[in-house]
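Number of protein chains: 4
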Amino acid sequence: MTPPKSPKPILSVGLIGQRFMGKAHSNAWRQAPRFFDLPVVPELHTVAGRDPESLQAFADNWGFAHTTTDWRTLAADDDVDLVDIVTPNDLHEAPALEMLLAGKHVACEKPLSSTLEGARRMRDAAAAPGAGQTFVWFNYRRCPAVALMHELVQEGRIGEVLHVRGTYLQSWGGPETPMLWRFDKERAGSGAHGDLNAHIVDMARFVTGQEFEAIHGAIAKTFVEERKNADGSMSPSTVDDVVSFLAMMESGATASFEASRLAQGHLNRNTLEINGTKGSVRFDFEDMNVLNFIDGTEHPRTRGWRRIMCTDGEHHPYAGAWWPDAHVIGYEHGFTNMVADICQVLGGGAPRVKLPDFADAFETQAVLEAALIAAERGAIVEMGSVREG
Amino acid sequence: MTPPKSPKPILSVGLIGQRFMGKAHSNAWRQAPRFFDLPVVPELHTVAGRDPESLQAFADNWGFAHTTTDWRTLAADDDVDLVDIVTPNDLHEAPALEMLLAGKHVACEKPLSSTLEGARRMRDAAAAPGAGQTFVWFNYRRCPAVALMHELVQEGRIGEVLHVRGTYLQSWGGPETPMLWRFDKERAGSGAHGDLNAHIVDMARFVTGQEFEAIHGAIAKTFVEERKNADGSMSPSTVDDVVSFLAMMESGATASFEASRLAQGHLNRNTLEINGTKGSVRFDFEDMNVLNFIDGTEHPRTRGWRRIMCTDGEHHPYAGAWWPDAHVIGYEHGFTNMVADICQVLGGGAPRVKLPDFADAFETQAVLEAALIAAERGAIVEMGSVREG
Amino acid sequence: MTPPKSPKPILSVGLIGQRFMGKAHSNAWRQAPRFFDLPVVPELHTVAGRDPESLQAFADNWGFAHTTTDWRTLAADDDVDLVDIVTPNDLHEAPALEMLLAGKHVACEKPLSSTLEGARRMRDAAAAPGAGQTFVWFNYRRCPAVALMHELVQEGRIGEVLHVRGTYLQSWGGPETPMLWRFDKERAGSGAHGDLNAHIVDMARFVTGQEFEAIHGAIAKTFVEERKNADGSMSPSTVDDVVSFLAMMESGATASFEASRLAQGHLNRNTLEINGTKGSVRFDFEDMNVLNFIDGTEHPRTRGWRRIMCTDGEHHPYAGAWWPDAHVIGYEHGFTNMVADICQVLGGGAPRVKLPDFADAFETQAVLEAALIAAERGAIVEMGSVREG
Amino acid sequence: MTPPKSPKPILSVGLIGQRFMGKAHSNAWRQAPRFFDLPVVPELHTVAGRDPESLQAFADNWGFAHTTTDWRTLAADDDVDLVDIVTPNDLHEAPALEMLLAGKHVACEKPLSSTLEGARRMRDAAAAPGAGQTFVWFNYRRCPAVALMHELVQEGRIGEVLHVRGTYLQSWGGPETPMLWRFDKERAGSGAHGDLNAHIVDMARFVTGQEFEAIHGAIAKTFVEERKNADGSMSPSTVDDVVSFLAMMESGATASFEASRLAQGHLNRNTLEINGTKGSVRFDFEDMNVLNFIDGTEHPRTRGWRRIMCTDGEHHPYAGAWWPDAHVIGYEHGFTNMVADICQVLGGGAPRVKLPDFADAFETQAVLEAALIAAERGAIVEMGSVREG
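Residue numbers (our numbering), protein chains in the order written: chain E, 1 to 389; chain R, 1 to 389; chain B, 1 to 389; chain S, 1 to 389.
Just so you know, not all the hints are guaranteed correct.
Same chains, same label: a pair holds when it works inside one copy or across any pair of copies.
To be verified - Pairs of lysine to aspartate or glutamate, EDC-like flavour, derived with a Cα cap of 16 Å: (1) Lys278 x Glu176; (2) Lys278 x Glu155; (3) Lys23 x Asp37; (4) Lys8 x Glu43; (5) Lys23 x Glu43; (6) Lys8 x Asp37; (7) Lys221 x Glu250; (8) Lys8 x Asp60.
These are computed hints drawn from the structure, not numbers from a lab.
Same shape as in the complex, but just chain E (with noise of 0.2 Å):
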């Protein structure tokens, strides 16, 4: 930790990459100790890119002091804590590791890889002795809605699991999108795939505190082929536009998850339901701010969804933080929430929620992997075999 310029220590962050996850995390990183009362403070060091000019003016929008166009540098900088990853999947791997190496801690992106092999080396470097502490941005986890949803299941509140349903289903990925490293498996690993389901994955194994036992069947499907390039040359498109998979949790419960860039009339619709013996919630992005629960234990008479406004300051998860109740928040507030767990962490707090590390960010990759190799084969596929390689 870099000797404390105020009367809080604080945590010095590198960037590495610098669109639009890279607007999102810088966001975060501004406003966290703005809300919360933290441990560590953090503060914008360097950002890293390819394009000085666009570097330079993003480092002066959000603070950063340094830039540099060769991130191998912020291993070497003894003045960074912690380095925050955001370029595109196939780029993640070989700067943490060598981050990790130099015994920084790591924020990256995710999914954590564009390969499982790749997840798994970055899994076991976090794990080396002298590696800093890692972090992966679901950053889902931490809506308020999110995290209730999390409490009430593992407090027993809808019995044991039964059903998992998941979807994340956007709408931008039709003919007329051009050519992006999205739409490159060489880059991107996979496409809503990876994206996407990877999300509602993390969500469903944070919510229900289970891992998954094996996928009993999946569809992965590219529907445009290709895709017209700025210079107006077409690129084939090589990644999924749609993954649909089953699965079982470990305890039985039955799951089922879909992500799709071609569902009209969805923007972001991260969905996540979870079905037990004793009650249902269900989580949708697009009213961010509310959770939906019923107490089957409560009298048929007056028994009914409820819809929760997670706002409350006393009660709900990270609400305290913001504004009064029902003046809700939005997509970059759970950015921010993890920046103040992150901290939390580092000042040698806990967090409010757990936090996804490597370890944990290769499970879910394990799970996408299964998927697709079962959509490939058409065949169950046991998680165990996918695990350990």
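With the hints as your guide, set chains R, B and S onto chain E.
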């Protein structure tokens, strides 16, 4: 057809069975001619059942002229034009075959049979020379919102179909529910699957106008393994409580289905959503008068899911027979609308939307069978092989 | 009561009028004994109307044994037990008075009369010795959700009532709608006010169990000032298109009401919300099977509006007569539930929830009148002065 | 304007007050230049407050360079360009007048003043030669959904406005809530009325583009008459808990408004609905990213309320500054969007939608005053008389 006692020809109806569905059907046969102008008018001729005492009360209540404890007498009775079969699933085939042989029209509850072989024999009997016309009570096709959904998809309003998503979730099947024929595999054939997935598979075929190509994975699971009999003893519950499966439609669209009787909070959550290249449609029976529709060709500034109240007498299927706009209808009206269409067809007219016959219902049963095979084998199952036996 | 032709006494019904409400009522009289076990059984004896031709078709369709073009014959007919009046508002009083004088029971459509004076005379006639019992078709009281709302409020589940908020919004009254009796003040008495506010005022009185203390401001406005007749000529439209008003209830609760036929997007938006010291209830007819309820005494962490599907046969009013849980009912069932309660009362039993009689409906009419006076005078109007005339 | 320290001119901001609104505003001043490309860049210069200790912590947290316990020093400080006033309502006027006299720009919280006379003096001071520009924090105008609502209505998409319906319901004001300045009429001017009706009156004026013609009835009521002080003693609660009123707009449209702090189940239910001859729009802050719109000119077969997620960066106001589609924003973003527009205007540009100044906010205050007069007198109150004083 019976010689007319009134200006309009009479359709004389025999009913086999007298429980929940007996009530729903008897009401529909009585109500349809009050609300629709029909070419033939149904009359309730005879109800057949096992228990003479309750049978007479049933007949008195609904206006059946006769009762019998031997359904075979219906086949021999020249006054009976159509026989309506609402017995448990294993008792559909015998009366259906006998009535068809006797030249009667047959309206049969769904699923067609408790076995695929039974369904095949019923389909073949319906195709034999001299057989009457056949109808299967997939009543949800005639909810105005589902009929409109079908029309919009068939007109191309959502473009090419990409994804199909059906769920039919209920919550009455917990361990506190006593043993019923519905939990006995010998009688019911299956549990939630034949009871609930049957409807959403039929609706998916009806709305898309497509057959299924293959099943790509399935889970069938029994959570509650025994149930209490009326005498306090326990019997094994031998049917599935939940069946989930993935499928490809013949156009290449992906599909998923789930039926459960253990989904707390869902009472009769029969939903179907279709995403196409140009838009999407969504139905939820718990809000049965509404069709949700998004037109992807609309300007993004004012584009959104439209909540269409399908109660406009001039523009929505079946609505003109009922009440002024937004004076909503209920569950029973699907049956009444179906009686109206049966009468239209038997009077030489056309139904508002396609009526399912035995051949049509056989196809649904083949899909259900294929899903169970897929669950058992853990493999992809092509529909062709199942269909052909 | 007519001497019994069956084990149960018959309630012989005469109907005056044969349009929309004639259809709704005839259906209800026919359906109630099929679904409810009633102490007396209604039979459709005679329908009275002006046009002999359509009258016979109406009688044939609904099963009336007789027709007449002179409603006065019903008063003289000893076989008729109850007369149901569904004529335009200005034609309620004359038949009601004559039937009461003849000792018949009278069921009259709402609002009770086109004038408060007429309503007062009707109320007084109903109280005269020898008059039959009276009923007014405020059908929404018998939607299961509204009846449950009444029960919960009366049991104190929302504590003391603080605010009442009712709207009844429709959108069919634009300039393209031709001239009808409903737009003629002589016949209808008022427009949206008597047609729609009548219902929400009745519901507010029924659910809270309170009378109105005073009207604290009102607006009555006609936007469409003339309409096209069938022959192409124009006639003045002399009724309100919208009436809004504020009121104090006798407990000191504040209240607001609005009825409009020009509220685009609302087809039959009959809503009532009550906020109390311990909770709130909310009903919306466009989602008629649902009652929204929030229990303010519940822990804030899991408190939320509950969406109660009022279809539980064991626990929700009237639901037991109909279908399994969440097999929803529609508009017409409110009328059928009311027929069931009328038969209960005339058979010596008790209604599930209070039935409105002429005295009760007079009170609603006095509120409507007070609102119009307040709109005209621009002043507070005490209910006492209006009630006493 | 302060001489530029960076390529862009700086807007140096002084803040008076440091509670809930101090936090919301400080955040907005900090965030706006990160997300918007602005012609002038705000810097937090000085915060003024009474309590030196909490003041320094506040300044440190939000990055104010200076603190003062005497707000008058801001007027004298040439480095301060704009003064932002977030004190209780009775403490808006004095600093506003002094800052305007000193030529500062002033941004003031709503309602403009605790009295109409105060508001009038503020309006007049803003119009004096040499005064800076004025802004009033009616933040909801800049929720994307409300801004879109305004645009659609102004473009004629709903035709002529017929009805306006606003509610602002909260539930935190029960007897268990202790004494606060908000319950003291001397300081707050009014209760729910100035706090909540102020917003919906402003929104109604903004969206319709119309002024109010007259108030046609009002109720103002205090249910909780005393509250506990911090020391355990009781003080009278002298403000309204609820105010409802009816109004006519200058076009002849009818309008109703209700604000309450005692509406169980509503946490921040700020709703506005406008019905026009060709369609309707509806906003509910508890679902703030959504605008409901119905286009009455659409074919009835597929007409329905559209749920527009106002997050499209290309097509929806302010959305382009934030996140990808359906990555929703929250309460605080309305303030940040307003800061962006203030900077646009002070940099010589145009706001995305109209910014309220003191003259504009005076008009809202006159409506609020007229409603209270109407409640007291029980009579119609013409706006002309109130406006002119």
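Here's how the hints hold up against the structure:
Taking identical chains as interchangeable, the C-alpha atoms of Lys278 and Glu176 lie at most 16 Å apart only when they sit on different chains, with a minimum of 12 Å there against 46 Å within one chain. For the homomeric pair Lys278 and Glu155, the shortest alpha-carbon distance inside one copy (12 Å) is at most 16 Å, but the shortest distance between copies (27 Å) is not. When the C-alpha separation of Lys23 and Asp37 is checked against a cutoff of 16 Å, the pair qualifies only between copies, where the shortest distance is 14 Å, while the shortest distance within a copy is 23 Å. For a Cα distance limit of 16 Å, the shortest separation of Lys8 from Glu43 inside one copy, 12 Å, qualifies, whereas the shortest one across copies, 24 Å, does not.
For the homomeric pair Lys23 and Glu43, the shortest alpha-carbon distance inside one copy (15 Å) is at most 16 Å, but the shortest distance between copies (21 Å) is not. In the homo-oligomer, the alpha carbons of Lys8 and Asp37 lie at most 16 Å apart inside one protomer (10 Å), although the nearest pairing across protomers, at 33 Å, exceeds that limit. For the identical chains of this complex, Lys221 and Glu250 are inter-copy neighbours only, at 14 Å across copies versus 27 Å inside a copy, given an alpha-carbon limit of 16 Å. For a Cα distance limit of 16 Å, the shortest separation of Lys8 from Asp60 across copies, 13 Å, qualifies, whereas the shortest one inside one copy, 24 Å, does not.
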